Structure formats: structure tokens, C-alpha cells
Amino acid sequence: MWLAGVASAWAGVYDEILISARDNRTEQVVDLVRRGMDPNTSDPSGTTLLMFAANNGNEALLDFLLRSRANTMKYNRFGDTALALAALRGHLPIVRRLVEVGADLSGPGWSPLQYAAFAGHTDVVRLLLARKPDMDKRAPNRQTALMLAARNGHQEVVRLLIEADADMDLTDADGLSAMNLARKSGNTEIADYLKRQGAVE
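Following this note's numbering, the numbering of the sequence shown begins with 43 at its first residue and continues without gaps.
It is possible that some hints are incorrect.
Between beta-carbon pairs, the in silico distance windows are [to be verified]: (1) Pro86 to Thr230: 37 to 47 Å; (2) Lys179 to Val143: 14 to 24 Å; (3) Arg201 to Gly228: 16 to 26 Å; (4) Tyr56 to Arg201: 14 to 24 Å; (5) Ala215 to Asp65: 36 to 46 Å; (6) Ser87 to Gly217: 27 to 37 Å; (7) Gly88 to Ser110: 38 to 48 Å; (8) Gly121 to Asn66: 20 to 30 Å.
Derived lysine-lysine pairs resembling DSSO-like cross-links, with alpha carbons at most 27 Å apart [what the hints assert, rightly or not]: (9) Lys237 to Lys226; (10) Lys237 to Lys179; (11) Lys174 to Lys237; (12) Lys179 to Lys116; (13) Lys226 to Lys179; (14) Lys116 to Lys174.
None of these hints come from the bench; they were simulated from the model. Note that the structure is a prediction, hence the values are computed from the model and not measured. Glycine included, C-beta positions come from ideal geometry on N, C-alpha and C.
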């Protein structure tokens, strides 16, 4: 009975810290970690406290967790790292901090660069490119960061990727290049720009 009570109480604290991290309640998370909760605690999907902080753009909580030795290399069941989530949301200060501490620029899922290109976060793309990531990494559908930016109409991101020598002529699982995807999505200015840069029809 005593052990069951302890297990129940611990489960309650486990739920509390995850909900607090998800809901951006910094003080509660800090208090629970200081009282002994693991800074690498994760929910059933593998989403860690650090990932919640990165996704929410919570710089104070992120810095506390990093000082508490939270692992930047962990990823959830979708293959997302804290850096990837920050890049998707366009949280530039969070991205910068995670890059500074050596977070993985690739990861098993979509890369931070792919997410930033997909969402059109130009400043994040610029910061990541300065670290020389794998620009031509493929998503599960074989699309690269350039394809994602072209498809979604993010012209400045496309320009940055081309200037960094992204491969214009790779094709996705459907045999479509970045230029093809731009035309198919109605982004004719991007398609014309890629053609001027030497993309193959």
C-alpha cells in the first residue's frame, strides 16, 4: 500500500511537470526540477521539457533546463528535436541558443533547416545556413529545404538557399524539382527565378 501511494504521488508530479512545461508555467517547472525531477522528463510521445520550452519560445525555461543538463539531442517519436521545433516556430533567440550549445543541425526527422524553410522564417534560415548544415537532406517525401520553400512561396528563403549552393535539380518522391513544385503551387516568380539560376525544366 505504501509503495502504491508513493508511485501514485510520483505519477502526479510527473504529470504536473509535463503540463506545466506545455502550458509555459516556468516557475512550476523550475521548482519541480530543483526538487529532484529529471530535466529530461518526457511525455509518452517523447516530447521533453526542453522541447516544450523551445516550441513555446520560453527563453528563461530553456536556459534553466540547459543549465540543469537537459539533453539537446533527444527527439520525440516524430523525429523532432528541440532545435527543430524552435526553427518551425521561428523562435530565433531559442534557435541561436541551441545552436551555440551544439544542438544537432540534422536529427532523425525533418531538420531545423527544413522546418524553417517550410515556414518561411528567413532569419532562422540565415542563422542555420551560417553553420553549414546538410542543405539537401531529404524529408520522408524526399523533399529538401529548397523544395519546401519553393512550394510554399518563400522567395527570400529560396534565394538564401540558392546562394548557399542548394541543389536545384534534385527531385522528390513524385519526381518534382523545386522549380516544378513552385509552378505547381502557383509561385511563378520563384519558378522563373530558379530557371534563371540554371534549374533544369
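Going through the hints against the structure:
Judged by the Cβ atoms, the range 37 to 47 Å given for Pro86 and Thr230 holds: they are separated by roughly 45 Å. In this structure the supplied range 14 to 24 Å holds for Lys179 paired with Val143, their Cβ-Cβ distance being about 21 Å. Separation of Arg201 from Gly228 is about 18 Å and conforms to the stated range, judged on CB atoms against 16 to 26 Å. At roughly 46 Å, the beta-carbon separation of Tyr56 and Arg201 lies outside the given 14 to 24 Å, and the hint is violated.
A hinted range of 36 to 46 Å holds for the C-beta pair Ala215 and Asp65, which are about 38 Å apart. One distance hint, 27 to 37 Å for the beta-carbon pair Ser87 and Gly217, holds here, with the actual separation near 33 Å. Separated by about 19 Å at the C-beta atoms, Gly88 and Ser110 break the suggested range of 38 to 48 Å. In this structure, Gly121 and Asn66 meet the distance hint of 20 to 30 Å, their C-beta atoms being roughly 24 Å apart.
The suggested pairing of Lys237 with Lys226 holds, with an alpha-carbon distance near 14 Å, which does not exceed 27 Å. At roughly 22 Å between alpha-carbon atoms, Lys237 and Lys179 fall within 27 Å of each other, so this suggested pair holds. Restraint check for Lys174 and Lys237: the C-alpha separation of about 25 Å stays at or below 27 Å, so the hint holds. Taken as a hint, the Lys179 and Lys116 pair is honoured in the structure, with Cα atoms around 19 Å apart against an allowance of 27 Å.
A threshold of 27 Å between alpha carbons decides the hint, and for Lys226 with Lys179 the separation of about 22 Å falls inside it, so the pair holds. For the hint linking Lys116 to Lys174, the alpha-carbon distance of about 21 Å falls within 27 Å, and the restraint holds.
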